[in-house]
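Participant: Listed below, chain by chain, are the residues.
Protein chains: 2
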Amino acid sequence: MAKQNIYDNDVFFEGYKGIRDREVNANKLFEIPALFSLLPDLKGKRILDLGCGFGEHCRRFIEEGAVRVTGIDISEKMLKIAREENSDPAIEYINMPMEDLGKLAENGEKYDLVVSSLALHYVEDFAGVVRNVSNLLREGGEFVFSQEHPLNTCHVGGNRWTRDENGKKMFLNLAYYGVEGEKESTWFVDNVKKYHRTFSTVINTLSEGGFSVERIIEPMPTAELLEKYPDYADLFHKPDFMLVKATKKHKGSY
Amino acid sequence: MAKQNIYDNDVFFEGYKGIRDREVNANKLFEIPALFSLLPDLKGKRILDLGCGFGEHCRRFIEEGAVRVTGIDISEKMLKIAREENSDPAIEYINMPMEDLGKLAENGEKYDLVVSSLALHYVEDFAGVVRNVSNLLREGGEFVFSQEHPLNTCHVGGNRWTRDENGKKMFLNLAYYGVEGEKESTWFVDNVKKYHRTFSTVINTLSEGGFSVERIIEPMPTAELLEKYPDYADLFHKPDFMLVKATKKHKGSY
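As you go down the protein sequences, you meet chains V and P in turn.
Using the working numbering, the first residue of the first sequence is number 39, and each one after it goes up by one.
Using the working numbering, the first residue of the second sequence is number 39, and each one after it goes up by one.
Looking at chain V on its own, in the form it has when it is part of the complex (with noise of 0.2 angstroms):
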C-alpha cells in the first residue's frame, strides 16, 4: 500500500510553510478552533498525534497539561521543524508513516486521546488506522480528528465552481460523490493523492472499529466572521473540513 510522503518534496514543503505562515488562514479560522472544542481536558492524559508536522498541536498539548505526547508523522523534513521549534521533555517526534502505527501497539504503548489534524485523507486504508488506533486507546479513550471535508475530497465535474458574471460562486459542481478512492489533485505540486470517502464510511469505518461517534463539527464561518472575511461565505456551499470525535467503547458495550 501506498505510503505518500510529498512533504518531503522541496517545492511542496515551501508551498505548504508559506500558507501555515500566513497570518489568516482556513486552518486557524476554522479547523484548529474546532479540532481544540471537540478535545476533552487535557490535563494528566497521554496523547498521540497523528501526522504532527512542524508539532504546534504537540506543543499546545503539554502547554494544556498533557504528561506526555507522541508526535508521529511521514515527513522527516518537518520533524526536523517540530524538533526545533517545538520541542519538549515530555515530547516524543516519531518519523513513520501511519500506516505503521502498528508497531506502536506491538510495544503495548497506551493512549487516552489519538489526535490528527488534516492527515487522514492522505491515508488509503483508512480502517486499518482506525483498527490500530483503536489498540492504542485505553476503552472510554477518545479519537478526535479533522479531515477535508468529503464534498473536498470529491471528483468534481470540470472546474470546481461554477462563477456568476462578476465572478462570485454561484455553486460547487459535484460529480461522483458517491465514488470513493484515489483522487489527484494539484497542491503546489502535481500528483497529490487524496483519498475520497463517503459520510457514511467514515462513520461505518468507526462503528465497526469499536468506536461510538460522539460528535461532528464541519465548520461555517459567523456573521462577525464573514464581515472581516466575505470570500469565507463560500463554506455555506461547500465545507472545507470534517472533524469527527470518537469514543473507543468498552469491551461487551454495544
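Rather than coming from a laboratory, the hints here were simulated on the basis of the structure.
Here the structure is a predicted model, which is why all the values come from computation and not from measurement.
Mixed in with the good hints there might be a few duds.
Identical chains share a label here; the pair holds if one copy fits it or two copies do between them.
DSBU-like cross-link-like pairs, simulated, lysine-lysine; straight-line CA separation at most 35 angstroms [as the list claims (entries may be wrong)]:
| no. | residue 1 | residue 2 |
| --- | --- | --- |
| 1 | Lys287 | Lys81 |
| 2 | Lys83 | Lys287 |
| 3 | Lys207 | Lys231 |
| 4 | Lys207 | Lys55 |
| 5 | Lys206 | Lys231 |
| 6 | Lys148 | Lys41 |
We have chain V; now place chain P onto it with these hints.
Facilitator: Leaving out everything else, chain P in the frame of chain V:
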C-alpha cells in the same frame, strides 16, 4: 410549530399514490431494501412506525414475526387505505402527527424498535422527535430511519443539474449545503415543505439524544442494476436517500 399534512391534499395524494404504484421506483430499488437491511430480527418485537402511510411496512413487520406494531401518520386519508389493505389484529393505526409522539410516551408505551421511512425530512423539530423516540424505546432499543439525503434536501443553485449537450447529467449544482431549515419545493403541488439538516446535525442530534449511531447507508446502484436502469447512475453524483441505524444507550453508559 407547523405540522404539515400534504398527504391529505387530493392532488398530492393521487400523484404520490401513482409513484408508489409504479412497479419500479427509487423507493423499491434503493430505500426499502436498505431500510430492511438495517432492521434486527423482528421476531417478538414491539415496533412503532413513524409516518406509516399505507401501512405496507407495518404488515411486513408482522409477517416477519413482530408481535405488536403501532403505525402513526398525520394523514387520515392514508390510514384509511392502511386499514383497508394492511390491517392485522396486532397492528394499531393512529392518526397523529409525529410532533405529538409525546402523548404515546405519556401512556407508558415502550417499543423495541422505532422505524420511519422517508418522513423525518418533513418534520421541523427533529430533536423533539429524537427525544420522544428515546422515551418510547427500551434501553438498547433501536431507531432505524430513512430520510432524503442532505445533498437532496439542501438548496440548489438555479437548476438542480448541469447537463452536457446530450442532456446527460454532468454535475449537481450544489449551493447552501450549510444553511439549514425550511425549503419549499414542488412535488405534485407547490409548497411542499422540507427541512434541510446537515450530516453533522443529524448525527449530533442523535448523539445528544442518547443514541449511538451504528450504521449509515447512502444507497448507490450496483453494476447489475445500472445495466437495467442506466438513469440511476446519477445517484453517484447525489444519493437520493440516507438511512441511519442508532441504538439507545444504556443509562450510565457513555
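Participant: Next step is simple, just say for each hint if it's right about the structure.
Facilitator: Each hint, compared with the structure:
1. Lys287 x Lys81: both (22 angstroms within a copy, 28 angstroms between copies)
2. Lys83 x Lys287: both (18 angstroms within a copy, 26 angstroms between copies)
3. Lys207 x Lys231: both (26 angstroms within a copy, 27 angstroms between copies)
4. Lys207 x Lys55: The answer is within: 27 angstroms in one copy meets 35 angstroms, while 39 angstroms across copies does not.
5. Lys206 x Lys231: Both. Shortest intra-copy (29 angstroms) and inter-copy (29 angstroms) distances satisfy the 35 angstroms Cα cut-off.
6. Lys148 x Lys41: So Lys148 and Lys41 pass the 35 angstroms test inside one copy only (24 angstroms; across, 51 angstroms).
Violation of the numbered hints given earlier is absent; every hint is satisfied by the structure.
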